[in-house]
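Student: Here is what each chain is made of, one letter per residue.
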Amino acid sequence: MTTTSSDGAFRFLGCSEIQEILGKQAEDERTLAELLEEVPLDSIYFHTHSFFLRHRFIERTYPNDFAEWVGEQVRDHVLAERLSVVDPFEYPSLEALREELISLIDDHLSGLATVPRAGFGAPFYFNRSRILEVPTGLEARTLREFRAAISEVDVSVIYFHVFESHLRLQREENDFSAWIRHGLRLTELADRMKALNPYLGSLERLRSSLLNMCDDQLARGG
Amino acid sequence: MISELEQYREVAPKGTIDFLRRLSDLVQDKQFLHISAVRYGGGMAEILRRLVPVMKALGVEARWEVIAGTQEFSDVTRRIADGLQGRPETITNEMYETYLDITARNGRALNLDSDLVVVHDPQPAALIDHRKGGKWVWRCHLDVGRPYRSIWSLFRRHVVKYDAAVFSLPGFAQRLPIPKFLIYPSIDPLTEKNRELSRAEIAQGLDRFGIAKGKPILLQVARFDRFKDQIGTIRAYRMVKKHHNCQLVLAGGGVLHDSEGEAVLAEVQQAAGNDPDIHILQLPPEADREINVLQRAASVVVQKALKEGFGVAVSEAMWKGKPVIGGTAGGVSAQIVDGTTGFVVHSVEGAAFRIRYLLSNPGVMTRMGASAKEHVRRNFLITRHLGDHLTLLKLLCHE
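In the order they appear, the protein sequences are chains A and B.
If you count the first sequence from 1, you need to add 188 to reach this note's numbering.
If you count the second sequence from 1, you need to add 384 to reach this note's numbering.
Calculated from the structure, these hints are not laboratory results.
Straight-line alpha carbon distances no greater than 27 Å define the calculated DSSO-like cross-link-like pairs of lysine-lysine that follow: (1) 398(B) to 382(A); (2) 577(B) to 398(B); (3) 597(B) to 625(B); (4) 626(B) to 599(B); (5) 691(B) to 212(A); (6) 545(B) to 519(B); (7) 625(B) to 599(B); (8) 519(B) to 212(A); (9) 545(B) to 212(A).
This structure is a prediction, so every number in the text was calculated from the model and none was measured.
Construct the entire structure; sequences and hints are all you get.
Tutor: Written out as structure tokens, the structure reads:
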């Protein structure tokens with residue numbers, strides 16, 4: 189389903205995720221890298237992008253499952269920090285993101301005499317996402333309507349139009365900024381929405397930022 | 385009928401109810417059948433009693449069938465369940481024949497026509513041999529991560545005939561040639577165990593148990609079972625007691641007709657000695673309101689089991705705005721965000737240290753409790769569970 193109707197209105201779509209267990213698990217960092225090579229791309233997506241769909245409200249110490257496991261179960265804080273700064277938005281594809289993660293772990297391990305493992309911690313379980321697109325039936329034709337919808341929708345809508353759009357459309361612009369730019373022709377607001385980094389906070393924080401931007405624009409008569 | 389779902393609008397996260405309506409539009413008129421061994425008792429039955437009417441209200445043709453059995457059948461299925469959870473058990477050919485015979489009888493008696501059939505736990509699992517169509521999913525609520533091998537080999541032959549299996553944690557699953565999904569259990573915020581209570585109701589409840597008001601309460605709700613480690617909790621309480629004038633409540637059931645439970649209870653009572661600030665409460669299975677009172681009255685909830693299933697009591701306590709100090713067993717650590725909604729600890733000393741920290745910092749305790757409630761609101765309420773089931777129905781029936 190497209191995010192714009194024939195008369196130019198923005199269509200809000202949400203999503204629901206079911207987690208599939210792949211049955212592959214790592215107890216040390218080398219196995220983590222080896223399994224990263226072989227798991228399907230949906231699994232890379234699950235542990236990076238859709239991490240935010242599962243942690244909608246409470247912000248975690250680390251922004252993806254790999255960094256969280258290495259930091260909290262293996263207690264290898266150096267690698268956890270290095271994995272934390274990998275911003276999936278900077279990679280053109282999930283395959284490129286996979287390569288970066290593997291190369292980073294390999295580089296880290298090459299400087300160590302022993303392979304860090306989750307001695308007392310839990311293993312890393314590889315899962316993958318099955319995402320179902322759900323039309324909300326909501327549409328916006330003005331910035332005021334857009335703002336009203338953003339304030340009320342299930343937070344998966346924010347996820348779908350910001351995170352999913354990046355992969356779906358393979359473009360830097362998210363669905364919101366694209367519509368604000370081309371549908372409402374509010375370039376400055378579109379630029380601000382495009383510059384939002386979704387990896388530095390929760391989806392609820394992202395919702396607040398979007399609302400604040402709309403309010404600023406509306407206060408200026410937009 | 386739609387009010388079945390509307391009741392949750394006040395407690396579910398923003399936008400959830402409208403989203404669930406839209407999600408249900410995708411599976412209108414689809415049939416969803418649950419099959420279990422019991423209609424009452426246990427978290428699974430508790431949730432199904434609410435989920436099924438809500439699904440119906442949303443236009444999904446949901447049904448719930450319960451199998452009938454004999455004493456012999458119950459004995460065999462108990463052995464199978466224990467074996468799947470790792471206890472050495474033996475199933476003779478005669479016992480297995482009984483299991484298959486009773487299952488076949490149920491297969492003939494029940495209406496198994498549905499687009500999606502979800503079979504809960506091992507008791508009705510062999511019904512897969514009597515499928516009439518639709519997609520079949522085995523929903524395993526047990527931890528079968530380390531089963532007793534001969535029981536698993538016997539049982540696996542049924543599981544592999546399903547289209548998919550659902551587990552509560554990745555570590556609870558076994559290697560299988562069918563897709564395996566992960567769905568966390570949930571709590572219903574509107575039941576007697578979780579609904580809001582007035583201060584007067586809580587005060588009356590505490591009076592009935594002879595628990596002092598105004599003195600911080602440390603609480604552990606768990607049946608009297610060695611794996612629940614009530615003795616460890618008493619040790620942690622004693623370390624805390626040197627610094628804080630608090631009381632410990634150990635509430636649980638599971639001792640009726642259970643010699644092991646009785647033995648554990650006796651050990652716990654002995655460990656408690658004559659301390660008037662330790663309250664050991666034996667509660668019947670239907671004591672939902674009493675548990676609600678205790679969880680709401682508690683300052684800190686401790687769920688420090690050595691072995692645990694998903695441990696949904698953690699979410700129940702968090703829903704009441706309480707920070708939970710839990711161990712790493714089962715699903716306890718999957719529910720706690722360490723340092724934000726409570727603490728994950730690895731020892732008695734760790735539990736004592738974190739309890740002291742919270743009792744010394746009431747502001748932190750309040751903040752953590754508030755985060756805990758919000759965490760449960762978004763992750764462990766029945767509304768999320770409903771969304772998972774609708775999504776599963778849509779994905780499997782349209783593959």
